[in-house]
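Enquirer: Letter by letter, the chains look like this.
There are 2 protein chains.
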Amino acid sequence: MIRIFIDYLLPIFYFKCMTKNREKLLMILNANKVPMNASLIYEDTKDSFDLATIYRGLNYLETNNYVSSFVFDCKESGVQRYFTIKEESHKHYMHCEKCHTFTAIPLCPLKNALSDIEEEYGFIVDEHYLTLRGICRHCAETTL
Amino acid sequence: MIRIFIDYLLPIFYFKCMTKNREKLLMILNANKVPMNASLIYEDTKDSFDLATIYRGLNYLETNNYVSSFVFDCKESGVQRYFTIKEESHKHYMHCEKCHTFTAIPLCPLKNALSDIEEEYGFIVDEHYLTLRGICRHCAETTL
DNA sequence: TATTTTTTGCAAATGATTCGCATTTTTATT
DNA sequence: AATAAAAATGCGAATCATTTGCAAAAAATA
Chain U
1 MIRIFIDYLL
11 PIFYFKCMTK
21 NREKLLMILN
31 ANKVPMNASL
41 IYEDTKDSFD
51 LATIYRGLNY
61 LETNNYVSSF
71 VFDCKESGVQ
81 RYFTIKEESH
91 KHYMHCEKCH
101 TFTAIPLCPL
111 KNALSDIEEE
121 YGFIVDEHYL
131 TLRGICRHCA
141 ETTL
Chain W
1 MIRIFIDYLL
11 PIFYFKCMTK
21 NREKLLMILN
31 ANKVPMNASL
41 IYEDTKDSFD
51 LATIYRGLNY
61 LETNNYVSSF
71 VFDCKESGVQ
81 RYFTIKEESH
91 KHYMHCEKCH
101 TFTAIPLCPL
111 KNALSDIEEE
121 YGFIVDEHYL
131 TLRGICRHCA
141 ETTL
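Protein chains in written order, with this note's numbering: chain U, 1 to 144; chain W, 1 to 144.
These are calculated hints, taken from the structure and not from any lab test. Among these hints, one or two may not hold up.
Where chains are identical, the list cannot tell them apart; a pair therefore holds if satisfied intra-copy or between any two copies.
[Said to hold, decoys possible] Cross-link-like lysine to any residue pairs, in silico, SDA-like; alpha carbons within 20 Å at most:
#, residue 1, residue 2
1, K91, N64
2, K111, H128
3, K75, E127
4, K75, V125
5, K75, N64
6, K33, V71
7, K33, Y121
8, K33, L107
9, K91, R133
10, K75, R56
11, K75, Y55
12, K98, D50
13, K75, I124
14, K98, Y129
15, K86, R133
16, K111, Y93
17, K91, Y121
18, K20, C99
19, K75, Y129
20, K98, Y121
21, K75, E62
22, K46, E88
23, K91, K111
24, K91, H128
25, K91, A113
26, K98, G122
27, K91, L110
28, K98, C139
Working from the sequences, and respecting the hints, build out all of it.
Expert: Pasting the structure below:
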C-alpha cells in the first residue's frame with residue numbers, strides 16, 4: 001500500500017503540482033546544497049520569475065514538505081528565511097562570520113539529549129533548531 | 001586589578017550609563033525571567049517609553065553585554081527578536097506551540113558535542129542557537 | 001472549444017525594526 | 001551655580017523582508 005503510494009501516486013502528484021517556478025526552485029536548492037534565501041534564489045533564476053512568485057513557490061514547497069526553512073540573523077545580510085531541500089534526516093548548519101556561508105553538520109548532536117529533555121521537563125518536542133556561528137575551516141586557514 | 005574593576009569601576013560605569021529606560025528594561029526582563037520581544041516589553045512599561053526608545057535601549061544593553069537575544073519565528077506572532085538577561089551560563093528555550101510561551105532549559109545539551117564538531121569540521125564555534133518547539137507540560141496535561 | 005481553477009507579475013500593503021531630527025535631559029566645563 | 005557639550009528621547013518617516021490584492025496569463029477540466 002505504501003509502496004504503491006510512493007512508486008505510483010506520489011510521482012503523479014508531484015508531476016501535477018510542479019509548476020515551472022516550483023520545479024526551478026527545487027533545482028536550484030538541489031544544485032546548491034546549502035540553505036538559500038529568497039533573494040539569493042531570485043538572483044540565481046536570473047529574473048525568470050518575480051520575487052513574489054518565488055516566495056509563493058517556496059511557501060508552497062514548504063507546506064507540501066518538499067523543503068524546510070529556518071530564520072537566521074546574518075550579520076551581513078540581516079534576518080532572513082533560509083530554505084533547504086527536505087531530506088530523510090534533518091540537518092543543522094554552521095554559519096561563518098567571515099565569509100557568511102553555511103556548512104552542513106550531517107549528524108544531529110542532539111539525538112539522545114532530546115528524549116532526556118522531554119522526560120525531564122514533560123515537554124513534547126516536535127522540532128528543534130540548532131545553528132552554530134563561528135569561523136569556517138577555509139576562513140580559519142586562510143586568515144592569520 | 002580585576003577585583004578593583006568588578007567591585008569599584010563596574011558599578012560606577014553601570015550607574016553612569018543606566019538611563020531610566022534601560023533600568024526599566026532590565027527590571028522587566030529580570031522580573032519576567034523569559035525571553036521577551038520589544039512589543040511585549042512595551043506593553044509591560046505601560047507606555048512609559050516610546051517603542052523606538054525601547055529598541056534603542058535593548059540594543060544598547062545587548063552591545064554592552066547586559067542582555068542577549070535571538071530571533072524566533074512564533075506561529076502566532078511571527079518572526080521577532082527576543083531578549084533575555086545575560087547570565088553566567090547561557091540558556092536555551094523551548095517554545096510551546098499551544099500557549100506560545102518559552103520555558104528555559106537550564107543546562108545546555110551541547111556542551112560536549114561542540115568540541116567534537118569543531119574538531120571534525122575544523123570550525124571555530126563562537127556561539128550556538130538552539131530552540132525547541134513543541135507542547136509544554138502544562139498544555140500537554142490540560143488538553144486531551 | 002468553452003469554462004473553471006491555478007499561477008503569475010506588478011504594485012501596494014504589512015509589520016518589525018531603524019533612523020533623522022528637533023527637543024529634552026544629563027553630564028562636563030567654566 | 002550657570003553654561004556649554006553630549007547623550008537620550010519622542011515622533012514620524014524610512015527601511016527591508018515578506019505577503020497580499022487584483023487583473024492577466026497559463027493550465028486543468030468539462
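Enquirer: Does each hint hold? Answer for all of them.
Expert: Comparing the hints with the structure gives:
| no. | hint | in the structure |
| --- | --- | --- |
| 1 | K91 x N64 | within (18 Å within a copy, 33 Å between copies) |
| 2 | K111 x H128 | both (11 Å within a copy, 17 Å between copies) |
| 3 | K75 x E127 | between (25 Å within a copy, 13 Å between copies) |
| 4 | K75 x V125 | between (29 Å within a copy, 15 Å between copies) |
| 5 | K75 x N64 | between (31 Å within a copy, 17 Å between copies) |
| 6 | K33 x V71 | within (17 Å within a copy, 24 Å between copies) |
| 7 | K33 x Y121 | between (35 Å within a copy, 17 Å between copies) |
| 8 | K33 x L107 | within (16 Å within a copy, 33 Å between copies) |
| 9 | K91 x R133 | both (15 Å within a copy, 16 Å between copies) |
| 10 | K75 x R56 | between (26 Å within a copy, 18 Å between copies) |
| 11 | K75 x Y55 | between (22 Å within a copy, 18 Å between copies) |
| 12 | K98 x D50 | neither (30 Å within a copy, 35 Å between copies) |
| 13 | K75 x I124 | between (32 Å within a copy, 17 Å between copies) |
| 14 | K98 x Y129 | between (22 Å within a copy, 18 Å between copies) |
| 15 | K86 x R133 | between (22 Å within a copy, 18 Å between copies) |
| 16 | K111 x Y93 | both (15 Å within a copy, 17 Å between copies) |
| 17 | K91 x Y121 | between (24 Å within a copy, 15 Å between copies) |
| 18 | K20 x C99 | neither (32 Å within a copy, 39 Å between copies) |
| 19 | K75 x Y129 | both (19 Å within a copy, 14 Å between copies) |
| 20 | K98 x Y121 | between (37 Å within a copy, 16 Å between copies) |
| 21 | K75 x E62 | between (25 Å within a copy, 14 Å between copies) |
| 22 | K46 x E88 | neither (30 Å within a copy, 48 Å between copies) |
| 23 | K91 x K111 | both (12 Å within a copy, 19 Å between copies) |
| 24 | K91 x H128 | both (10 Å within a copy, 15 Å between copies) |
| 25 | K91 x A113 | both (16 Å within a copy, 15 Å between copies) |
| 26 | K98 x G122 | between (40 Å within a copy, 14 Å between copies) |
| 27 | K91 x L110 | both (11 Å within a copy, 15 Å between copies) |
| 28 | K98 x C139 | within (7 Å within a copy, 42 Å between copies) |
Hint compliance for this structure: hints 12, 18, 22 are broken, all remaining hints hold.
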